[in-house]
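These protein sequence lines are chains A and B, in that order. Going by my numbering, the first residue of the first sequence is number 1, and it counts up by one from there. Going by my numbering, the first residue of the second sequence is number 1001, and it counts up by one from there.
If you are wondering where the hints come from, they were derived from the structure by calculation, not from laboratory data. In this text the structure is predicted, and so the values were computed from the model without any measurement. The beta carbon of each residue, even a glycine, is placed where N, CA and C say it ideally should be. A portion of the hints provided could be inaccurate.
Computed cross-link-like contacts, DSS-like style, restricted to lysine-lysine with a CA-CA straight-line distance of at most 30 Å [said to hold, decoys possible]:
(1) A:Lys-197 - B:Lys-1078
(2) B:Lys-1164 - B:Lys-1275
(3) A:Lys-197 - A:Lys-245
(4) B:Lys-1134 - A:Lys-197
Derived coverage of chain B by chain A (criterion: at least 3 residues anywhere in the stretch with Cβ under 8 Å from a Cβ of chain A; other residues may be distant) [stated by the list, open to error]:
(5) 1102–1110
(6) 1228–1239
(7) 1242–1250
Covered stretches of chain A, as calculated for chain B (at least 3 residues, CB under 8 Å) [as the list claims (entries may be wrong)]:
(8) 122–129
(9) 224–235
Letter by letter, the chains look like this.
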Amino acid sequence: MLTVNQTKNALLDGASIEEEPYTSPQDSDEFFESLDKPAKEPTKLEPRNTFIRAGVLTTVRGSAYMEYGNTKVLAIVAPPKELLRASARRMNMGVLNCYVNFAAFASGDLDSVTERERHLSGMLTKAMEPVVCRTEFLNFQLDIRVLILDDDGCLLSTAINCCGVALVECGISTYDLVTASTACIYRDHVFLNPSAKIEELARKHRRGSNAVQEHGLIITASMDTFEQIALCKQYGYLSIVTYIKLLDYTLAVNKSLRQLVRGVLTKRVKEQHELDLREKAESALEDQRLEEIIEKLKKQGPEEFIQSNIREDPYVKRQ
Amino acid sequence: MAYVALSEAEKTYILHGVEDDFRCDGRSRRDYRPMDLETGLVSNASGSARLRLANTDILVGVKTEIDVPNPLTPEFGKLEFFVDCSANATPEFEGRGGSDLAQELILSLQNAYESPLAFDYRTLCLIPGQQCWKLYIDILILECGGNLHDAVSLAAKAALFNTKLPRVTATMLDAGITDLIISDNPYDCTRISIETVPLLVTVCKVGDYCLVDPSAEEEVCSTVSVVVSVSMRDGQAFLSGTHLTGGGAMHRDTMRNCLELGLAIGEHLDRLLTKMLNLEQERVGPKRPQTIGFLK
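If we strip away everything but chain A, and leave its shape as in the complex, we get (with noise of 0.2 Å):
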């Protein structure tokens, strides 16, 4: 059988394109064994590379762009919009609906592919839930819409800030700014913002040895002014200590998160006031430009005043 191995794309810096994380049962061990191991403590509690752009699309309301390490994800807030049919459960609270889709090109691993999105979708509404205000538009549903351009791990929680920050550009009111991470456990070595293969292996433990050895996963969003936890997601094999162990350094890492994205927050509304004020210096110049035509036309009266503004053509030529 032919098999393609993953190709290193220069363009797409250093990600790489996969059909499946391993190919035979062996794969996962060598790959563990060449990878540089963390201490089994990490001490730096820091979110990957990150880059968040809130505003980034003109055709909706809100919209957002994060690069988190190699992972790309683009959010859609549009505004909430009425309810086609209500029902008594929606009484007193509006629906909030997340859909994730994978790009065409995201994963080469096609027939997955619609069972994780509903299994993202799932996990992403029930962690923007607790984060909206959904008292505040009753028998309205609010969509928002994930695109996931690259997945090099940590999806679901680059999908939940990238929906948090969508949320503040698109003015839906929340109660708090959600950020989240993802922190893994295999063979006692704690992995903090796992790569899609580190994940794969500590959620599956596929080649599980006699010895009980914890393996994990845990993905947490925050809100950190109260401290409340909106999701908080394992998956894997945990003991009570190491599960709060890994809650923890998830929290920690979500906090330095929140400061990134208040960061951006402050600077898209910075940004946007600038630009308002550009807008009105603009706007207030054409209204001068409007008033001196009209008083010249007050003082010249229509005829003359046409007759001054005809100009010739400098590209016809005159015969």
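Please build the complex by placing chain B on the supplied structure of chain A, with the hints as guidance.
Below, chain B alone, put in the same frame as chain A:
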């Protein structure tokens, strides 16, 4: 979850009850409602169980099939969950109404059973890399009276305990092809170890307090709940997949308390379930026909 209409006064009543550790039906915050469990009642399935937890009624059937293992995990078998929300449970489930809920239940179960430490997939292996058992765990929700996660996981575990896999012998043919011979005797079978099979415990936050086994009314009053998946291994309780549901948020310390409560309750529940299953098996007995003489 199924929708129950409650007035503001009723909610306050439930809330105050929870505060005083004396709930509407007389339970404390750490008590479960009475449970009826019966195994092996569907003759067409390899294993089955029916659980009635007060008003919640669940029927689980386990079907078996021979499949090819995943190339990445040659010595692992497969599990597949399916949840069907019957329209008899609540009128809301009519048509596609129950699909969201069913999807959530399937995902939580899949997540809880995903780790090979939680469910020993090796017991489902026939010939490594070639043949394995695939178990279809079909869950039917007959009535919906709150706390579906717990009820479903309990019933699934009981059904797995009841599952009988026919004994299979393999004969080697030419060119490395193996032929499987399934035993004709329906009593010649192997069982699945359920020691580490996880249970889901929903810890529900009502007001400022956490409680287990919420009734449908209490679920309406709660802001957020944690679904804790508890797997017992060597007498120690492990978490094999937990998540928050219910559209609320909670503090880290509350979360910790909820997890601890969930683990303690899960441990207790697991012990009781195993005890009761063994008791039932002893009482009903393995209905093996007595073989007399050398004729089988």
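Structure-based check of all given hints:
| no. | hint | verdict |
| --- | --- | --- |
| 1 | A:Lys-197 - B:Lys-1078 | holds (22 Å) |
| 2 | B:Lys-1164 - B:Lys-1275 | holds (19 Å) |
| 3 | A:Lys-197 - A:Lys-245 | holds (22 Å) |
| 4 | B:Lys-1134 - A:Lys-197 | holds (27 Å) |
| 5 | 1102–1110 | holds (count 3) |
| 6 | 1228–1239 | holds (count 7) |
| 7 | 1242–1250 | holds (count 8) |
| 8 | 122–129 | holds (count 3) |
| 9 | 224–235 | holds (count 10) |
Violated hints are absent here; each numbered hint is respected by the structure.
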